[in-house]
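The listed protein sequences correspond, in order, to chains A and B. In this text, residue positions in the first sequence follow our numbering: the first is 1, and each later residue adds one. In this text, residue positions in the second sequence follow our numbering: the first is 531, and each later residue adds one.
It is possible that some hints are incorrect.
Chain B is faced by these chain A residues, among others (derived, beta-carbon under 10 Å) [stated by the list, open to error]:
#1 Leu-32
#2 Thr-36
#3 Ala-40
#4 His-61
#5 Val-150
#6 Glu-158
#7 Thr-166
#8 Val-169
#9 Leu-172
#10 Ala-185
Which bits of chain A does chain B cover? Going by a derived footprint, with three or more residues having C-beta under 8 Å, they are [to be verified]:
#11 135-145
#12 173-184
Some chain B residues well away from chain A (every beta-carbon gap over 12 Å; in silico) [claimed, not checked]:
#13 Asp-598
#14 Met-604
#15 Arg-682
Calculated from the structure, these hints are not laboratory results. C-beta: ideal position from N, C-alpha, C; glycine also.
Here is how the chains run, residue by residue.
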Amino acid sequence: MEALIPVPVMLPLLAAGLKLAIGGRLRRLQALISVTTLAAVLATSLALLAAADGGGPLVAHAGGWTAPPGIALVADRLSALMLTVSSAVTLCVMVYSLAQAYADQEDAAPLAIFHPAYLIMVAGVSDAFLSGDLFNLFVAFEMLLSGSYVLLTFGGTESRVRAGATYAVVGLVSSMLFLVGIAVAYGATGTVSMAQLGERFTALPQYIRLLVELTLLLVFVVKAAIFPMSAWLPDSYPTAPAPATALFAGLLTKVGVYSIIRLEALLFPGGPVSGLLMGAALLTMLVGVFGAVAQADVKRMLSFTLVSHIGYMVFGVALSTVAGLAGAVFYVVHHITVQTSLFLVAGLIERRAGTTSLDRLGGLMRLAPLIAVLFFVPAMNLAGIPPLSGFLGKLALVEAGVAVGGPLVFTLVAGCLVTGLLTLYAVAATWNRAFWREPSPDVTWAAGTVLESEEEPLSRARGTEGITGRAIVTSVTVPAPMLGATAALVALGLFYTVLAGPLTDLTRRTAVELLDRAPYISAVLGGGGR
Amino acid sequence: MTVALVPFAASAALVAAGVTLLLERSLVRLLVGVILLGNGVNLLLLVAGGPAGRPPILGRAALSRMADPLPQAMVLTSVVITLGVTAFLLAVVHRSWQLTGGDEVQDDTEDRRVRLRARRGELARSVLAHREAYRRLVRRQRAELAALRAARRAEEESRRGRDGESGALREEFARREREQAEREREIRGRLRERRREARREMRAAIRADRERQARAEDPELGGDD
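So here's chain A without its partners, still in its complex pose (with noise of 0.2 Å):
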């Protein structure tokens, strides 16, 4: 079983080697390529997530080196979990970009980049959640990050390449932060191996454990895009193609969260950093859904629920007890899967309507009903209408507050509840203008107008940008396969409300495992390959 757990991280990569070299042709076998490894990797995940759940912690070391100078690889729960919809996602995004490139008509050429950076992105996912060494989590950030710089300016438009250029910066400086904190902890305790690192940590001073903390908690709050550190994302973000950004907003913040349960529950277990963290997350929450109520795009109202509801699983992380990390847990499998699902929709959208601005959309109800549904169900699931996951996600992190009690919790509490409230109220005016009121000219004339013109035989809508830069090409039917990506990501947004009791059961032995910190350490430093 051990030999699996580098598969997520190495079949990508090959893969996206083999794409670069194969090039622009054969567009039917690089197709093939893409979605069977990703096939490959969800249907490894499932594995590793099969096996932590039973045995504990598997563990690979890399090279063969044991794990304190070497690099571990370890899939408990927690990665195993986060792996599996991870790669459910980017499979079910893939399908989607593919068949988005189809019906755009775009060259294949540019699409040899497209897929070798989306593939070499998700390799960086997969060593993200599976690193268990603190540099190599760097490597993984890294390896993401660049596949992230290409899909953010693909093609090169003016826009891409403004927001590109400032997403690029923010990640780099935040990058050469992650350096410091590493020489900081590295300087303190002689490794970079997590497991090592959480049993050292505990002899230093208590500022030095401080200042790492703080350095390593900095890095990963700008990448989770919490409040003080959110204001790059929604500017970037709705620039990307609708498959890049809809991959982004559901997996690379998730990376950041997932960061900071491993600091926080790993690293520094107890640290004085829980009030801190609360203050932020109740700062996310509300200052990222007040900017999703004032938007006037879907794509820029998305953007802005996905930073408020960050706020949710750092109040989960904060809390520091099981249910508390159960819940965040929960709440990020639950929101990986929802907000990619909206943010797919809002592609379905511009396809359809040509536009995502709010105020030239309208009647979609009527006009393309399947996409009305396929919006209205996330959406609800966004905002935490019983019985979706997000209902139960919510409600399981205010019973984790309560628990805990005290008056900063119960101003979160507070503040979980509101935000609810306006995510409701911020995806109800967007459902009201898009699809309830009657249709505007813009969306019948995108629908009905078919450009006849020789070199030009579609009608391309302007101001919209496709996967390669070009306008995308509007119809009055979506393509089948992006409608069925879409509806598979939100049927499993569903599944979650039918498998709630095992999946709590299973976030519940996770936040347990997590909160131990015994069966991960052991399983690196004693057990393992030697």
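The hints should help you fit chain B onto chain A, whose structure is shown.
Frame of chain A, contents of chain B only:
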């Protein structure tokens, strides 16, 4: 752990210079800042590895005198990564230069939108002010005309009262009446002229405002002031 002071100070200086450059608006300077920052941080990693020593190759020196190989491996990795990302950023800078003719970091779209909204409010206010000024002018002219008409009516009435007076007086009266009518015509003409001019001015002002507004609505042009 002892820290070698010189590399540490050098690292701090590099990081400080890098951060200063990061605050610049030009992307090229920003990039140089990133490079300096990267070098400073790499130096810090080396400092964290302890004092310098013999090359970390087994058999060349005693274990106690060897340098720590792990930070060196980390520095190598991070150098490669920084190089790659810097190359990417350079490409972005070049693309930005191709598209906009400059390498400045552009304003945030949301900021621009707020500024546009503020300017649109100003424009609407100035159009309203122009319209109000024109209305005031017209009102004043109407009042002047009404006063003139009232004066003439009063004169006519007084003339009718003194109908039986002498022809000389009547002649005198007719002359004054003509003068009066001429003055009135002149005033009326002047008024018309003034009104026409005012209307012209107002139209020109509104047109200029509209033009500025149209320019301001174009986000490409609204960005740089």
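* To do: Check, residue by residue, whether the region 173-184 of chain A contains three or more positions whose beta-carbon lies closer than 8 Å to a beta-carbon of chain B, and give the verdict.
  => holds (count 8)
* Asked: Under the criterion of a CB-CB separation shorter than 10 Å, is Thr-166(A) in contact with chain B as hinted?
  -> holds (7 Å)
* Residue hint Leu-32(A), partner chain B, criterion CB-CB below 10 Å -> violated (29 Å)
* To do: Please verify that hint: Ala-40(A), Cβ, nearest Cβ of chain B, below 10 Å or not.
  => violated (27 Å)
* Was the hint right that Ala-185(A) lines chain B, CB cutoff 10 Å? -> Result: holds, 8 Å to nearest chain B Cβ.
* Decide, holds or violated, for the assertion that all CB atoms of chain A are farther than 12 Å from the CB of Met-604(B). => violated (5 Å)
* **Residue hint Thr-36(A), partner chain B, criterion CB-CB below 10 Å** => violated (28 Å)
* Asked: How about Val-150(A): closest beta carbon in chain B under 10 Å, or not?
  -> Because about 8 Å separates Val-150(A) from the closest Cβ in chain B, which is inside the 10 Å limit, the hint holds.
* To do: With chain B as the partner, please determine if Glu-158(A) meets the hint condition of a C-beta pair closer than 10 Å.
  => holds (5 Å)
* Asked: Should the interface hint for Leu-172(A) be scored as holding, given a Cβ-Cβ cut-off of 10 Å against chain B?
  -> Holds: closest Cβ of chain B sits about 5 Å from Leu-172(A), inside 10 Å.
* To do: Would you settle whether the hint for His-61(A) is holds or violated, based on the nearest Cβ-Cβ distance to chain B being less than 10 Å?
  => Result: violated, 16 Å to nearest chain B Cβ.
* Asked: Checking C-beta pairs, does the region 135-145 of chain A have three or more residues closer than 8 Å to chain B?
  -> Coverage by chain B holds here, the residue count being 5 at a Cβ distance below 8 Å.
Violated hints, in rising order: 1, 2, 3, 4, 13, 14; the structure is consistent with all others.
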